Every structure is written in structure tokens, then in C-alpha cells.
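Asks: In case you want the letters, here they are:
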Amino acid sequence: MSGRVGHFYIDETCIGCGACDHACPGKVDAVYEVPGDFLGRFAIVLEECIDCALCVPLCPVDCIHDARTEGIDLTEGAGGYTRIKELQAWARARDAEPPA
Amino acid sequence: MSNPLALPVDVEPLITSLPLSEEGLIHYEEQFSRHYQGWSEILMENHERLQRGSYSLHWMNTDGANWGKRAKPSSRGLTYTDTNRIPAYGTLPEHAEWRNFAPRGSVREPYRERMPVLDEYVVMERDDVWADNVLTLYEEAKARQWNATRDIPWGELEPLPEDLEKATCQLCTFLTEVEFVAGDFPAKWLYRIPQDFLEVKSFLATQIMDEARHQEVFRKRAIAGGGLLHASPGFEWALKAILEAPTHTMGTFLLNLLGEGLVLSIFRSGEMIAKTFVDKEIFRRCLQDEARHVSYGVLQLKTHLDAAPDREAALEQMHRFADVGEMVILTAFTEAALVEPVAILLAGSLGKIDQGMQGLAHVWTMFIEEYFARCDRAGFDRRARSRIPLSAPWAS
Chain P
1 MSGRVGHFYI DETCIGCGAC DHACPGKVDA VYEVPGDFLG RFAIVLEECI DCALCVPLCP
61 VDCIHDARTE GIDLTEGAGG YTRIKELQAW ARARDAEPPA
Chain L
1001 MSNPLALPVD VEPLITSLPL SEEGLIHYEE QFSRHYQGWS EILMENHERL QRGSYSLHWM
1061 NTDGANWGKR AKPSSRGLTY TDTNRIPAYG TLPEHAEWRN FAPRGSVREP YRERMPVLDE
1121 YVVMERDDVW ADNVLTLYEE AKARQWNATR DIPWGELEPL PEDLEKATCQ LCTFLTEVEF
1181 VAGDFPAKWL YRIPQDFLEV KSFLATQIMD EARHQEVFRK RAIAGGGLLH ASPGFEWALK
1241 AILEAPTHTM GTFLLNLLGE GLVLSIFRSG EMIAKTFVDK EIFRRCLQDE ARHVSYGVLQ
1301 LKTHLDAAPD REAALEQMHR FADVGEMVIL TAFTEAALVE PVAILLAGSL GKIDQGMQGL
1361 AHVWTMFIEE YFARCDRAGF DRRARSRIPL SAPWAS
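Residue numbers (the numbering used here), protein chains in the order written: chain P, 1 to 100; chain L, 1001 to 1396.
Hints listed in this document are in silico derivations from the structure and should not be mistaken for laboratory results.
Bear in mind that the values here come from a model prediction, so they are computed numbers and not experimental data.
Check the hints yourself; a few may be wrong.
[Unchecked claim] Here are the computed lysine to any residue pairs in the SDA-like style, where the Cα-Cα straight-line distance is at most 20 angstroms:
(1) P:K85 <-> L:T1365
(2) P:K27 <-> L:T1365
(3) P:K27 <-> L:I1353
(4) L:K1142 <-> P:A91
(5) L:K1240 <-> L:L1330
(6) L:K1280 <-> P:W90
(7) L:K1302 <-> L:F1321
(8) L:K1275 <-> L:I1353
(9) L:K1275 <-> P:K27
(10) L:K1352 <-> P:A91
(11) L:K1275 <-> P:D29
(12) L:K1220 <-> L:V1122
(13) L:K1275 <-> P:R94
(14) L:K1240 <-> L:L1160
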């Protein structure tokens, strides 16, 4: 183990298409589907990522970032694919209501 | 030329009890017995050679072939990406010339003049079908196939109160209806894309399989729970607009990027909409398939626009198409047969439908924002031009 880690990460706007999964070189295989995530999103194991960036241009929602140049922001603002959080918040409030 | 095999050049009508189209059969007979003669010349040559007891063995000649350039598998197996590392096999033409089935990378040039031409292959420009993620999406699609008969725990389907069961079954009726076009559209174009773009054809074949499974699973869910409910004219017009789009890129935009995007938004909301574990499992599995289709649609539009010789003209053409397409798709998204059951499912009962409409307003905004984000990624800014309201019409 060299102790080196990669710098690419997938933010929460991933839609789970998996294009990045098979772009990752087979011997590296740093991309994985987050277990138990209903939205089927993917993540990158930093200890295995080799910073090749092959996955980046294949993403349809631009959710793969290089932390060295773009910083780390897992939430990626308030638009687009983060809107589901508003629905989730509404559903939590719905579920918290006492039964009639 | 003599006819040593006594070929049936003047074919008599077949005697059959099958309800064949007589007109179609006569046309076929005429084409292949009177007008097309390439095949009969080849057949006669073959027959003469075989009668002489002579062998050709021309196929062992590797001149012009790429013989010995062996593909090496990666640790995942042997993918198209691996075979395409050999330029002779992996270089896609910008403009396809072969309107037949001769494989890209095979020895085909010596036979060009004797090959038939398939008039149906009309999508000859690579950038009208290509997307940079099509190879990896194809691998992903194969890895994630599932079986709507076996992989859904149908035996655990719980009975629901009548209002929720009817709402679920109506939503499944809508989804069955729309999944039909999601299979028919790629099928229509698969048949028009020449073999040189085989990777795209392979991916579209997985999309057709995915959509067959989706209509199957939603049909089964409805019939297992209560029954199919109402088809809807509003859905039908949206589906017709997709199927009759004038180009592959335009139709892919309307189906994969917009229409399937809408369905993806519904599936992504599945945790809040589904009322049983079985329904959640159905949404979860369909969501992953749908994401691949959306993903292809986004990068296909990007490829098309990036490669356009006159980008502004290409953008304007797409905008004109989207101006109409968005409104037709919106017809489906405002249908009572979709809006009301989703609102009831979100709220938890028919009695709380008003509350559900508030939740559905979030789904509306989510769908529109996700759609605009996809357009942005493709380099197609619809925000200024689109007439779809950002907020649901019932939300003040």
C-alpha cells in the first residue's frame, strides 16, 4: 500500500445510470453502487481511485468532481437533482403528522 | 445466363391456408425473382463451382483483413471497449457508407458492388446516434438485467385500502402505457441505423428489453392488485409525438431526456409514492434501468450539438422541436389519470388528496429542474425559452 488516495468523488446528484462504473479501469474498479440507497447512486473508493478521470465525461449530470480543482461539495447547490430533498422533507412532515 | 438449378424465376403463388398478405407476397416474389438478380448470379456461380468439385478458399486470404490483431480482455472480461482498442475494428466512421450487414473491420471492400443495399438504413451520420457513454451503459445494462417474473417478491404483495389500490393500479396503467412507446421508439430507429454503429444498436436493444420488462412488471402489478384501470388520450398524444419525431436525435431528446426523465422523477419519488414493499422494489429496479436511458439521451444530444457544423442553426432546430414536444409531454403530466393517483398515493388516502397535491407540486418542480439540468449538460439551454411553468399550476 502506497497510502496514496485519489481525488475524484461523486456528489449526491448522481442518478445511478452506472456509466462511470464500467468506465473505471477493470483492475482499479474504484466505483461502486452505494448499498441500500433507493436512488441507486454510485460512489468512488478514494483509496482505489487512480485519478484517471475516464469516468468524468461519461456522466450525464456532471456529478463527478476533482476535489483538487473544484473543492468538495457533496450537495452541489440547490437546483436540479437536489430538488428531491424538498419532496423528502415534505414526506417527513407528512409522516410526522398525528393520525386523524 | 443459363439456369442450372432451374431456379423458380417465375414463382407460382404459394398454396397456403395461412392469412398471408397476397399483395405483399407478390411484391416479394417480384423483387427477388425478377428485379433483384444479384443473388441468383451468386447462387449459379456457387453451384457451378460445387459441380466442378472445386474449392474457393478465398476466405482464407488475409489481404485487407486485420488478421492476427488480437483483442485482449480486461479484468472485466472482453468488452467492446477492449475490442475497439484495435483501430481497424474500433474506428467508427463519421459517415456510414455500408447499407448492409457487412461487419465493420471485415474484408468487405472487394464485394461492395455485389452487396445488396438496404434502403431502410437512413441514419448515416455517427453524431446522430453516438453518445460517449454508450459502451459503458451497454455493459451496465447487461450486468443489471432482472426478471419481472422471479425477482419481484409477488407473494408478499400486501392488500391495500381500495383508494390506494385503485391509485396504484391507475399509476401502473399509465406506466404500462408509456413503457410501450419507450420500447417502440428505439425499435423503430434500431432498424434504421446501419451496422457500422453496432455499439449503439446493441445499447438500443437493451433499452427495448428494459422497456419490455417495465411494461410487463407494471401490467403484472396492476393485475395482481386489482386490475388495469384507465388508458388516457393525454398520454397517447405525448407518446405519438415521441414515436413520430422527425429525426433520431429529436425523438431521443423527447423520449430519453424529457419523457423518461419525467418517469425517472416519478421513480425517484418512489419511496414516497409506493405503499408496499413490493411497489418500492419495482420502482427501485425500474429507476436504475431508466437512468441509463436518460443518460444516453443527454449525451446523444450533446454529441449531436457539439458536432453540428452550424451550432446555432442546430440549436434553433432543436428549440423549435422542443417548443412543441414539451407542450405535448406536458399534456400527459397534467392528466387527471396521472396527477390524481400520484397525489392520493403521496397523501396516503383519497380524503387527503389536497395535501397530496402539495407533495405533487414538489415532484413537478423536481421534474422541471431535473429536465433543465439535463438540457444544460447537453449544451441546450431551455430555461429562457421553455413555456413549462416552474411551479405546478395548482401551487400558488
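Asks: Confirm or reject each hint.
Replies: Now for the hints, and whether the structure bears them out:
1. P:K85 <-> L:T1365: 11 angstroms, holds
2. P:K27 <-> L:T1365: 41 angstroms, violated
3. P:K27 <-> L:I1353: 52 angstroms, violated
4. L:K1142 <-> P:A91: With Cα atoms ~34 angstroms apart, L:K1142 and P:A91 exceed 20 angstroms; violated.
5. L:K1240 <-> L:L1330: 13 angstroms, holds
6. L:K1280 <-> P:W90: 18 angstroms, holds
7. L:K1302 <-> L:F1321: Status holds; Cα separation ~16 angstroms.
8. L:K1275 <-> L:I1353: Holds - the C-alpha atoms of L:I1353 and L:K1275 are around 15 angstroms apart, at most 20 angstroms.
9. L:K1275 <-> P:K27: Roughly 41 angstroms between the alpha carbons, so the hint for L:K1275 and P:K27 is violated.
10. L:K1352 <-> P:A91: 13 angstroms, holds
11. L:K1275 <-> P:D29: Violated, at about 36 angstroms.
12. L:K1220 <-> L:V1122: Given pair L:K1220, L:V1122 is violated - Cα atoms ~37 angstroms apart, limit 20 angstroms.
13. L:K1275 <-> P:R94: This hinted pair holds, its Cα atoms lying about 14 angstroms apart.
14. L:K1240 <-> L:L1160: Violated: L:K1240 and L:L1160 sit about 34 angstroms apart, past 20 angstroms.
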